[in-house]
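Trainee: Listed here are the chains, written in short residue letters.
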Amino acid sequence: MGLTIADLKKGERGVITDSSSKDIPLKLLEMGCLPGNEVKLLQLAPFYDPLYLNVNGSFLAIRKDTAALILIERIDG
Amino acid sequence: MGKQIKVALIGNPNTGKTSVFNALTGLNQKVGNYPGITVDKKEGVCKLSRGVKAHILDLPGTYSLNASSIDENVVIELLLNQKDKDFPDVAVVVADVENLKRNLLLFTQIKDLKIPTILVVNMSDVMVRKGIALDIAELETQLNTKIALVSTRKGTGLQELKTLIEGYKTLPKKQCLDARSIDVDYFERLEKAFPNQEVYKLWLVVTQDVNFGKLARKELDVSKFQTKSNSELKRLQQKEAIKRYQFINGVLKKSQVIDRSKAKDIRSKLDRILTHIVWGYVIFLAILITIFQAIYDWASFPMDLIDTSFASLAEWVKNSFPNGGMLTELLAEGVVSGIGGVVIFIPQIAFLFLFISILEESGYMSRVVFLMDRIMRRFGISGKSVVPLISGTACAIPAVMATRNIENWKERLITILVVPFTTCAARLPVYLIIIALIIPEGTFLGFSYQALTLMSLYLIGFGMAIFSAYILDRVMKKERKSFFVVEMPNYKLPLLKNVLITVIEKTKTFVLEAGKIILAISIILWVMASFGPGEKFNNAESIVTQNNIDIPKGELDDKIAAYRLEHSYIGIVGKTIEPVIRPLGYDWKIGIGLVASFAAREVFVGTLATIYSVGSASEDESIDTIKTKMANERYSDGRKVFTLASGISLLLFYAFAMQCMSTLAIVKRETKSWKWPMVQLVGMSIIAYIFALMAFQILN
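Quick note, the sequences are listed as chains A and B, same order.
First residue of the first sequence? That's 1426 in the working numbering, and the numbers climb one at a time after it.
First residue of the second sequence? That's 1116 in the working numbering, and the numbers climb one at a time after it.
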């Protein structure tokens, strides 16, 4: 399994490569969690869960287990 | 009657949709229910021009036309059913200028249903601050619609919106996305099976059936259509989302410029503190403490005023109406004390709703959800359960309904089951009066003992909610999937108008609903206390006089009244249950209060007031407040009824017992079975009895 949103560190960014797992809620896709869109990890709650993200301009929080289903490529810098 | 245009207000949560609704309708709105479900239906009327009015329906916030909750489902059911009496002539989609991209997804879906659609770009006042520039004319051309650029904060753009609504017939109906492009084969098959229907509408009905079960009032039956497997449908829905975003990106590329360097970023600065691993929690706790201190301090003045005014009102009724008549007594002792017991809530309920609505309006509540999720999950509930648990401090009924956005059923069910443990407004009058009786005045570190006791009761309620959630989580069978998506909205200064409307509406509903029950129970109690069976009640006067020949007249009258009450219908009920509640430290009069409280706990104080005023005959003490009456209440051997031990025992009983029929009814509705409300009623009452028993036996 490749890199996922759950592997990002605070402040890091990535581009979504795949979000087709059937366990990802449709609502998340509709909020912009789609291949090609950029994601940035803004803040982590204690125990690294949940994650506070900016996806495609939307600000949202998801749990670590969901984040681990969304594949990304890291953007450096 | 003039012409009425039916308008549906639709939009994502946090777009200021309700502000637009409030700005259009003002206080000219009413909240009802959709038939059969407990989703608030907000309607209002707005004058357009020359006798033309708009009837505006504020639909629940939704991110798309694929429902995942009952609230969202309301939107879809309405838009898919042209025969619905509320089916709109025109849809007004409210979008937030900062989240235009995401907000447009819903817009394109509604437009594709071929409903005339106007786009409101709201919060236009922040555009400069956020470095956003929009070419409205270009956006209108690209989206084939008319746009109103609105700022509800500044009050601009509303007139333009009204004009657009009035001219809805000229709106272009061109669709944004050709639905066939999602899957040519499948959509052609769908079209062939239902040749007279819009294909996008068919698609929504099909997926809605899969996602959300039956569409209750749908006009289209697609159940015979050979559809695809769930995972294939989901893949197509994903494809639809991708295609819609492609379209939207294309549109925005031509009409929107965002210069990030000009954007002032308040969000990240505030988030750095408010969602901080340490400071986030410290601030949350500080906010809670402030709220409770404020409720206690600020509300006490109007409450004292209400309490004494009602005592004098009862006195006035007694003196001004025909003396000794049945009706006078019913009015003074039953109705006025009963109503006083409701009105006295108003200050605190209003304050609670005020704070809760500020927390929600400002965007802070989502940060609390984020901070608390991991901790709450340990107890089997979700970060989203914090919102119901906090609104439960106002009333369990809206709190149970607020669990709807918890995606996971088990987490939601546990939240519903434990919410009634949180200290709702109805417990406050009981707490306040007992605290005033048994806890001394004085301060500790600047906080009064009484306020600290109240705070502890809130914590005990909350602690019990969490603890029972933990137990329930262990007992109930596992369900692994945990869907959790929370939008983190921008921080904004709450709009005074929105906050005030919420406070007024909710307080009014609460007081009217509670008022009906309290009034009815007060009257029943008064009747039961004023009549009784057999010799002992009817001949009370001669029996007591015979046994007490040498005592003064006033004392004799009191004794007669007390004897009569003891042998009235209500006295018989109280005496019957006395053996059960004796070990908790209560006498039979408190017992009556307890029994009546199982309908609604807020009747306790009013009940005691009714019982005590019926039970005392002398005229001169009638201006006493309920509190003084309770403080003077003694057993026949002279011991006080309300001591520290019996007081604490009562407080704990009220903290834990399930005494609210309305909540049970709502839980039945939300869980669709009597099983869960019964679990609550029995379980919570047993817990209450055990704790009250232990408290009294240890302290006494």
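It is worth saying that the hints were derived from the structure and are not from the lab.
C-beta atoms are modelled at their ideal positions from N, C-alpha and C, and glycine is treated no differently.
Some hints could be false.
[What the hints assert, rightly or not] The calculated lysine-lysine pairs, modelled on DSS-like cross-linking and capped at a C-alpha distance of 27 angstroms, are:
(1) B:Lys1229 / B:Lys1269
(2) B:Lys1384 / A:Lys1465
(3) B:Lys1668 / B:Lys1433
(4) B:Lys1369 / B:Lys1358
(5) A:Lys1447 / B:Lys1592
(6) B:Lys1369 / A:Lys1447
[What the hints assert, rightly or not] To spell it out: a stretch of chain B is covered by chain A in this simulated footprint if at least three of its residues, at any positions, have a beta carbon under 8 angstroms from a beta carbon of chain A; those stretches are:
(7) 1178-1184
(8) 1211-1224
Trainee: Determine for every hint whether it applies to the structure shown.
Mentor: Quick rundown of the hints versus the structure:
1. B:Lys1229 / B:Lys1269: 32 angstroms, violated
2. B:Lys1384 / A:Lys1465: Holds, at about 16 angstroms.
3. B:Lys1668 / B:Lys1433: 21 angstroms, holds
4. B:Lys1369 / B:Lys1358: 17 angstroms, holds
5. A:Lys1447 / B:Lys1592: Within the cut-off at roughly 23 angstroms; holds.
6. B:Lys1369 / A:Lys1447: 34 angstroms, violated
7. 1178-1184: It holds: at least three residues are needed, and the stretch 1178-1184 of chain B offers 4 whose Cβ sits within less than 8 angstroms of chain A.
8. 1211-1224: Three-residue rule met by the stretch 1211-1224 of chain B, so holds; n is 4.
Checked against the numbered hints given earlier, the structure breaks hints 1, 6 and satisfies all the rest.
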